[in-house]
Each structure stands twice: as structure tokens, then as C-alpha cells.
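As given, the protein sequences belong to chains X and C, one line each in that order.
The numbers in the first sequence follow my numbering, run straight up by one, and end at 341.
The numbers in the second sequence follow my numbering, run straight up by one, and end at 341.
The hints are simulated quantities; they were obtained by calculation from the structure and are not laboratory data.
C-beta: ideal position from N, C-alpha, C; glycine also.
A couple of the hints might just be wrong.
The calculated label-pair distances, taken between Cβ atoms and stated as ranges, are [stated by the list, open to error]:
| # | chain 1 | residue 1 | chain 2 | residue 2 | range |
| --- | --- | --- | --- | --- | --- |
| 1 | C | Ala261 | X | Glu281 | 42 to 48 Å |
| 2 | C | Tyr293 | X | His163 | 32 to 38 Å |
| 3 | X | Asp173 | C | Ala166 | 44 to 50 Å |
| 4 | X | Ser324 | C | Leu126 | 52 to 58 Å |
| 5 | C | Glu258 | X | Arg31 | 27 to 33 Å |
| 6 | X | Ala8 | C | Thr104 | 48 to 54 Å |
Number of protein chains: 2
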Amino acid sequence: MLAEIVPAVLQEYGAAARARLFQYLPAREPRRFLYDLVAEYPQRGGRGFRPSLCIATARAFGCPPEDALDTAASIELLHNAMLVHDDIEDESERRRGKPTLHTTHGIPIAINVGDMLGLLGLRPLLANFRNLGPRLALRILEETERMASETAEGQAMELGWRHENATGVRESDYLEMVLKKTCWLGMIHPVRVGAMIATFDSIDPDAFIRFGFFLGAAFQIQDDLLNLTGDENDYGKELGGDIHEGKRTMMLIRLFEEGTAEERERLGRLLALPRVERTREEITWVRERMDHYGCIEYARQVAQGLAGAASHECSLLFGALPDSRDKRFLEALPRWVIERA
Amino acid sequence: MLAEIVPAVLQEYGAAARARLFQYLPAREPRRFLYDLVAEYPQRGGRGFRPSLCIATARAFGCPPEDALDTAASIELLHNAMLVHDDIEDESERRRGKPTLHTTHGIPIAINVGDMLGLLGLRPLLANFRNLGPRLALRILEETERMASETAEGQAMELGWRHENATGVRESDYLEMVLKKTCWLGMIHPVRVGAMIATFDSIDPDAFIRFGFFLGAAFQIQDDLLNLTGDENDYGKELGGDIHEGKRTMMLIRLFEEGTAEERERLGRLLALPRVERTREEITWVRERMDHYGCIEYARQVAQGLAGAASHECSLLFGALPDSRDKRFLEALPRWVIERA
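Please construct the entire structure, taking both the sequences and the accompanying hints into account.
Below, the structure is given as C-alpha cells:
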């Protein structure tokens with residue numbers, strides 16, 4: 001049952017949010033270097049995890065799904081906006097199984113497309129003023145600004161580490177960065193605004209931060225594990241690409257902590273190189289040392305602990321709500337995020 | 001008098017808007033790769049033309065300046081956000097007399113700083129909900145989203161031309177691009193929202209489009225003329241940098257129209273080269289051909305015609321208002337934009 005409910009709900013709500021999202025994409029000039037490209041990442045699909053989480057939370061709290069649909073579409077648009085800029089910032093080559101936008105159209109055009117996607121993400125939130133009333137619509141807008149600021153702060157932390165070739169990043173720094181960069185947009189925000197819409201802003205939104213953080217951190221670690229151990233076709237990005245990009249992951253931080261002084265130095269030198277000069281041999285060596293020190297197994301255990309904590313928070317937040325498919329979906333998420341392939 | 005009122009008002013209102021703007025810049029972590037850099041362009045100054053235009057219009061219509069101050073600060077923040085991204089997109093090396101942000105900190109960090117500046121530009125508009133009431137605040141937000149979308153469309157047009165090494169850009173294409181990329185943020189939007197605030201959204205905002213377009217197009221042509229003929233120290237960007245960047249200006253479009261087939265071909269080849277391979281000799285040749293065909297004089301005359309048209313619109317829009325320093329400032333702008341050095 002667990003195996004079925006999450007994909008089923010994601011498919012249903014993801015499709016509903018995507019259908020609404022496409023209503024916000026303008027079909028007009030300039031097409032070739034703007035609106036055609038704005039539609040590119042949304043058309044490639046994606047799981048629709050974030051908008052589904054928003055819709056399911058709103059429904060679990062007894063809200064008609066229509067009330068959450070524009071906000072869910074906004075979340076997915078903003079997620080796509082951030083992907084376009086992140087792909088440039090992280091020098092990623094592939095996204096959802098195809099080349100990233102800046103590799104096909106250049107950085108200048110991709111930056112502008114990301115900016116436009118961010119503006120389009122604002123439009124459903126302006127529509128909320130008509131449909132949900134000014135008080136609730138304003139609160140959702142404020143929440144969205146907060147979420148996007150948290151994301152930019154998390155991104156700044158990670159980019160700073162890479163820019164300086166930081167080798168002293170600790171697990172607590174990593175988790176703070178993940179809280180900001182992954183959890184706010186991915187989990188905290190969708191659940192908060194979903195509950196806000198359903199309860200007319202009468203619920204304490206901060207109650208959802210812990211749940212979103214535990215769930216999101218487990219999600220991120222699993223994502224990074226899949227980058228090392230997954231199937232390239234399923235995954236849609238280059239395998240081992242994170243090591244190549246010099247991304248600070250739980251596994252890399254663990255390797256810095258467990259490795260010998262000599263190994264730490266070799267790792268530091270590798271990360272200080274320009275990306276193109278990091279050879280396949282060196283990346284294979286990093287991967288092999290991670291296995292040697294059990295870094296992957298360690299990260300897997302941390303993710304499991306976080307998923308357990310998310311489960312506990314889940315029962316505190318949603319336990320008293322009447323049984324529903326949406327409630328069961330939310331309860332199934334912690335296990336799903338660490339078991340998905 | 002004309003020579004004095006514009007700088008005096010710009011100085012006064014620019015300083016007021018900047019003071020308000022700085023209240024919105026967070027003094028917290030992460031500083032080094034985010035909030036310190038977010039403050040960088042605003043701290044370098046700038047004329048404060050856009051926020052001053054907003055405040056002056058609001059006052060000319062009889063509004064207390066405080067009501068327009070947050071909106072003016074938002075305009076300046078969004079202007080700075082766009083400068084950061086534009087500088088990457090246009091590969092500009094200098095901004096306000098110093099190196100551009102991406103040349104000192106790299107493209108990834110600069111993209112993120114621009115995104116954060118855009119979010120900070122949203123905050124004063126959220127404050128408007130408390131201070132101006134939800135109806136007017138929502139209209140200003142909608143106007144801002146429209147303005148930013150127009151700007152991104154204009155940027156897409158210009159980036160598309162550069163990406164394709166377009167050689168068939170006509171004067172009408174150029175003016176449409178300038179309407180979107182320069183005039184909306186620079187002139188139309190500040191005047192529209194200024195009048196909207198003063199009249200509680202009871203004035204037709206579309207009446208200001210013509211004035212803003214004529215004024216902004218004259219402004220842009222003058223800006224491009226200064227890039228060719230100005231003083232590098234006054235100007236703060238590299239002189240002749242537009243030719244180097246391959247920017248489609250009125251002068252370059254005129255040269256394409258007036259030059260021989262052979263000259264057009266040489267110009268097309270030059271623009272097709274990567275920026276770094278455009279030699280000083282070739283750029284000097286372009287400049288010399290522009291002189292030969294009177295392209296600079298031609299553009300100067302177009303700018304003068306546009307300034308005259310802006311003056312005419314100005315009297316239609318503001319003529320019936322009681323005399324005030326703000327009204328005189330607005331009336332002095334058309335001459336000022338083409339006479340400033």
C-alpha cells in the first residue's frame with residue numbers, strides 16, 4: 001500500500017498542478033528566446049512532489065482542492081525558475097533527462113528565462129487575491145517571499161563553500177544549508193501554505209518546520225546517494241556528477257572527517273581544481289574512498305534517522321485529523337523519500 | 001533653471017529613496033557571499049532617476065511623499081536586481097565606476113545576488129498593504145509584475161539578436177525593444193504607480209505609456225551616444241563598450257542601413273566573432289564608419305524628436321495640475337535626458 005499511494009497521489013495532483021501551471025504560460029512573442037524556453041523544463045515533467053504536498057496538506061485539513069491549485073502551480077513555477085538558475089550556478093549539464101537550458105542556449109538567455117519563470121510564479125499568487133480574499137492571499141505571498149529568501153540564503157552558503165574550496169564544512173553547516181536550500185521550497189513551504197489555505201491562516205505555521213526539515217534532509221541525502229549509486233537513465237543527471245561538481249554532500253563531509261591527513265589534502269587539491277580538470281580517475285578514487293570509510297552507509301543511516309523523526313512529527317501534526325487518502329499520503333512520505341530509486 | 005531643477009530633485013528624492021531602500025537590506029548571515037554583495041550596487045550610488053520620477057509624479061498629483069516612498073525604494077531595488085543580471089547577460093565589465101559583480105565574484109554568486117535583490121524589491125510592496133490598503137497595494141504589485149515582464153521580454157529580444165548575430169534589425173524593432181527593456185522600468189512604471197498612489201488608482205494608467213516611451217527612448221539613445229562619445233570617468237563604463245559587446249544601438253542599425261554591401265558584410269563578420277576576438281582596430285573602424293555616414297548625428301536628431309514628443313505628452317498629462325516644483329521637474333525632463341553628459 002505504501003508503495004502505491006505515494007506515486008498515485010503524485011501522479012494525480014502533479015498532473016492537476018501542471019495543468020494549472022500551463023494556463024499561466026503565455027503563448028505570445030517573443031517565443032524563440034523566451035516563452036518557448038520558459039515552457040521547456042515544465043514540459044519535461046518532473047514528479048510534481050512540491051505542488052502535490054501543498055494540495056494533499058490542504059485536503060487533509062478539509063479544504064476543497066481548487067483553493068490550493070493556484071498556490072500549487074506557483075510552487076511548481078518557482079521550483080522551475082530556481083532549477084534554471086541552479087543549473088547555471090552548479091554548472092549542471094543535464095536536467096530531467098535532457099541538456100540543461102544554458103548548455104543549449106547560453107547563460108545570458110537562461111538567466112533571463114529563469115527570471116521570467118519567477119515572475120510567472122507570482123501571477124497565480126496575485127490571482128489568489130480574487131479567489132481567497134486579500135488577507136489570506138497576502139499571507140501566502142509573504143510566505144512565498146520568505147521561502148524564496150531562505151532558498152537564496154542556502155544557495156549562497158553552498159556557492160560560498162565552492163567558491164572558497166571550503167574543506168572545513170561540518171555536518172551541522174551542511175544540515176543548515178539543506179534546511180534553507182532544499183527543505184523550505186521542497187517541503188516546509190508547501191505544507192505551511194497548504195495548511196494556511198485550509199484553516200484560513202488560523203494554524204501556527206512554524207509547527208511545520210521540523211516535519212519539513214526532517215523530511216527534506218532525508219530527501220536530499222537520498223538524492224545525493226542516488227547520484228552516486230543510482231541508474232543514470234532513471235536519474236536524469238550524470239552519475240557521480242556531484243563529485244565532479246565539487247558538491248558538498250553528507251558523504252563528502254564524512255570522507256573529510258574520516259580520511260587520513262594525506263587523503264584530506266588530496267581531496268582538497270581535487271576540489272580546488274577547475275571543474276574541467278577533475279579527471280575520471282580522481283572521481284573514481286573519491287568514490288572508492290567513500291566506500292572504504294563507509295560514508296555511503298553512514299549517510300544512509302542518517303537519512304533513515306531523519307525519516308523516523310519526520311514520521312514522528314507527522315503523527316503530531318496530522319494524527320488528530322480524520323482518516324483520508326491525503327492523510328495516508330502524508331504519513332507514507334517519510335518512508336517513501338528514503339526508499340525511492 | 002532647467003539645468004538646476006533636475007539635478008536638485010534627483011539628489012533630494014534619490015537620497016530619500018536610497019535611505020528607505022537601505023532599511024530593507026538585511027544585516028545578517030550569510031554576509032560574504034550574499035548580503036554584503038546585495039548592498040554593493042546600491043552603495044555605489046547611481047542617479048536615483050527612477051525612484052525620483054515616482055516620487056515627483058505622486059507629489060505633482062498632490063500626494064504626501066511618504067505614501068510613495070516604499071514603492072520608490074522597490075523600484076530602485078528591482079533596478080539594481082536587473083543591473084546585476086544584465087551585467088552578466090551583456091558581459092559588462094564595469095558598473096558605476098567599479099568592476100561588475102560577476103567579474104569579482106563569478107557568475108553563480110552574482111546570479112543568486114540578483115535573485116535576492118529581486119526578492120528584497122518585493123518587500124516594500126508587501127509593506128504597502130499595511131500602509132496604503134490592500135486594493136491599491138495589489139494594483140501596484142500587479143503593475144510591478146507587468147513592468148518586470150515587459151523588461152524580461154525586451155531583454156529576450158536583445159539577447160536573441162546577439163545570440164543569432166542578427167543583422168536585419170530595423171529601427172522599429174529597436175524601438176520596440178527599448179520600449180520594453182528601458183522605458184517600462186525606467187519611465188512608464190515609476191510615473192504610472194506614482195500617479196496611481198496619488199489618485200487612489202482613479203486615473204487611466206495607459207495614458208502614461210506614450211510619455212514614458214518618448215522620454216525613455218530619448219534617454220536610451222543619449223545613453224548609447226555617451227557610450228561612444230562621453231568621458232570614461234564620468235560614464236562609469238568602458239567607452240565604446242557597446243560596439244565591443246555587439247549591442248544593437250540606433251547608430252549601429254543606421255550604419256547597417258547606410259553602409260555598402262561590403263561594409264555590411266564586414267560588420268556582420270565582426271559581430272559574429274566571440275567578444276574577446278573583436279579587436280580594437282575593428283571597433284575603431286566601426287566608429288569611423290559611423291562618423292562617415294553621420295549615424296551619430298542621425299541618432300542625436302531622433303533623440304531630439306523623441307524629447308519633443310515627450311514634452312508634448314507632458315503638457316497633456318500634467319498641464320492642468322497646479323504649479324509645483326515637482327511639475328516643473330517633470331516638464332524639464334525631456335530636455336534634460338538629451339542634454340545630460
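Evaluation of the provided hints:
A hinted range of 42 to 48 Å for the beta carbons of C/Ala261 and X/Glu281 is inconsistent with their spacing of about 55 Å. Against the hinted window of 32 to 38 Å, the Cβ-Cβ separation of C/Tyr293 and X/His163 comes to about 47 Å, which falls outside the hint. Here the CB-CB span from X/Asp173 to C/Ala166 is close to 47 Å, well matched to the stated 44 to 50 Å. A hinted range of 52 to 58 Å is violated for the C-beta pair X/Ser324 and C/Leu126, which are about 34 Å apart.
A C-beta distance of roughly 31 Å is found between C/Glu258 and X/Arg31, which places it inside the suggested range of 27 to 33 Å. Distance hint check for X/Ala8 and C/Thr104: the Cβ-Cβ separation is about 50 Å, which falls inside the suggested range of 48 to 54 Å.
The earlier numbered hints that this structure contradicts are 1, 2, 4.
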